[in-house]
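S.K.: Spelled out, the chains give:
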Amino acid sequence: MLDVFASGFSGLIAGFLHLSMPNIIMIVIGGILLFLGIKKDFEPLLLVPIGFGCILVNIPLADLMEPGGFLRTIYEAGIMTELFPLLIFVGIGAMTDFEPVLENPITFLLGAAGQFGIFLTLALALALGFKELEAVSIGIIGACDGPTAIYVTSQYAPHLLGAVSVAAYSYMSLVPLIQPPIMRALTTEKERTTVMKAHKKTVSPTTKLLFPLVITILGGLIAPKGLPLLGTIMLGNLMRESGAVERLTKASQNEIANVVTLLLGISIGATMDGRVFLQPQTLIVLCLGFIAICLDTACGVFLGKVLYVFTGGKVNPLIGAAGISAFPMSARVVMREGQKYNKKNYLLMHAMGANAGGQIGSVIAAAVMLSVLKGMGII
Amino acid sequence: MSVELLSPIPGKVMKVFVKAGETVNEDDEVMRIESMKMENPIYAPASGKITEVLVKENDEVETDDLLLVIED
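First to last, the protein sequences are chains A and B. Start counting the first sequence at 1; every next residue gets the next number (the working numbering). Start counting the second sequence at 1; every next residue gets the next number (the working numbering).
Source of the hints: derived by calculation from the structure; they are not laboratory data. Beta carbons: idealized from backbone N, C-alpha and C, even for Gly. Please note: incorrect hints may appear among the correct ones.
To be verified - Non-contacting residues of chain A with respect to chain B, defined by C-beta distances greater than 12 Å in every case (computed):
1. Ser-7
2. Ile-38
3. Pro-67
4. Leu-86
5. Leu-209
6. Leu-227
7. Lys-305
8. Arg-332
9. Asn-355
10. Val-368
11. Gly-377
To be verified - In silico SDA-like cross-links for lysine to any residue, where the CA-CA straight-line distance does not exceed 25 Å:
12. Lys-37/B to Leu-36/A
13. Lys-197/A to Lys-12/B
14. Lys-197/A to Asp-64/B
As the list claims (entries may be wrong) - Derived DEER-like restraints, expressed as beta-carbon distance ranges:
15. Glu-71/B to Val-309/A: 34 to 42 Å
16. Glu-71/B to Thr-202/A: 52 to 60 Å
17. Glu-60/B to Pro-105/A: 22 to 30 Å
18. Glu-71/B to Ile-222/A: 56 to 64 Å
19. Pro-105/A to Leu-54/B: 18 to 26 Å
20. Met-14/B to Ile-32/A: 32 to 40 Å
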């Protein structure tokens with residue numbers, strides 16, 4: 001009789017006995033992510049499910065990430081198939097107004113410059129001894145775009161997925177802290193106070209409607225491997241601009257994006273098993289990701305400076321910093337910084353152009369990279 | 001001489017901090033316009049007396065719409 005109780009009781013403490021040090025550390029990290037999301041408002045929509053997923057997967061014996069476990073099922077259905085990031089992209093396309101870019105196409109260049117960090121970091125990761133496909137996945141953190149990073153990493157370096165996505169999302173929320181010092185260091189007082197005139201050129205609805213189609217077909221022909229990314233974002237945008245399918249546009253922006261964000265977050269958290277995550281490699285990935293975003297900002301500002309010279313001082317180089325994909329956060333940072341130096345400077349719409357350019361730029365950069373790798377026979 | 005303040009950005013007027021007849025200093029915040037889900041402070045272009053305020057809270061404004069006039 002007593003034996004039965006004893007063995008029953010041992011069943012209840014088995015979890016505690018199997019709790020390893022890495023599990024405990026990861027549960028604490030999960031807690032920190034939750035804290036940052038809930039109390040500090042750092043991308044709560046992502047950090048809350050990621051943090052919780054991280055805690056879940058580090059509770060021993062529950063086997064949530066083993067075959068048949070519910071996290072594993074979600075992961076296999078949405079991340080391994082790349083469906084989740086692509087569905088998010090439909091939503092992003094439906095949410096993004098590319099008008100500021102179309103109004104001032106020169107800002108598109110800034111969106112391209114903001115992607116150099118990806119390639120510089122890729123080179124750095126290769127130099128540090130990462131394999132090609134790992135280096136690609138690390139460099140893509142510099143896209144400053146969660147879904148792009150997840151898409152690429154899940155395909156080519158799934159073992160780095162936890163580290164890469166945590167880096168991508170947490171740095172994205174740190175953009176307001178990371179960018180201003182770099183922007184300040186690279187520009188002169190005179191450049192920063194440059195006032196940019198408001199644009200009043202209006203873009204015709206036809207242009208806005210044709211834009212997603214042209215980009216899809218042209219981009220797809222140049223970089224076929226990136227077509228899923230480009231195609232989904234442009235589908236969302238076409239639906240938005242057409243105005244004909246408002247229900248689908250709204251669903252993509254809200255319901256679909258929300259449901260997928262939840263599932264995406266929890267399955268990313270589920271890749272953060274202490275045994276895999278707690279390795280020196282993770283720390284290096286986090287550092288490289290940070291470098292990638294700093295380099296992006298620097299490259300964008302540099303091109304901004306070049307444009308400043310070429311236009312005879314009409315472009316404020318600060319808007320170059322918005323050439324990354326963190327939309328619209330980065331444009332807001334630029335607006336705020338610009339006004340700090342000259343209260344009569346309203347860079348918001350110009351920065352939005354660069355920012356929307358960065359949004360497409362990061363997708364195109366990823367697409368180009370994949371197609372180049374394919375051409376080289378690496379994938 | 002009068003100085004016109006034109007809206008630097010398109011958006012919605014969230015708050016107007018000044019009334020006609022008040023005096024302001026250059027770079028005082030006179031209103032706040034929401035654009036791209038961001039609150040943007042709008043500062044006085046010059047010091048002087050406000051002769052006219054042409055927008056009120058919740059108005060939608062376009063770039064270059066006249067917001068207020070200052071007599072300096």
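S.K.: Can you name, in rising order, the numbers of the hints this structure does not satisfy?
M.R.: 8, 9, 16 and 19
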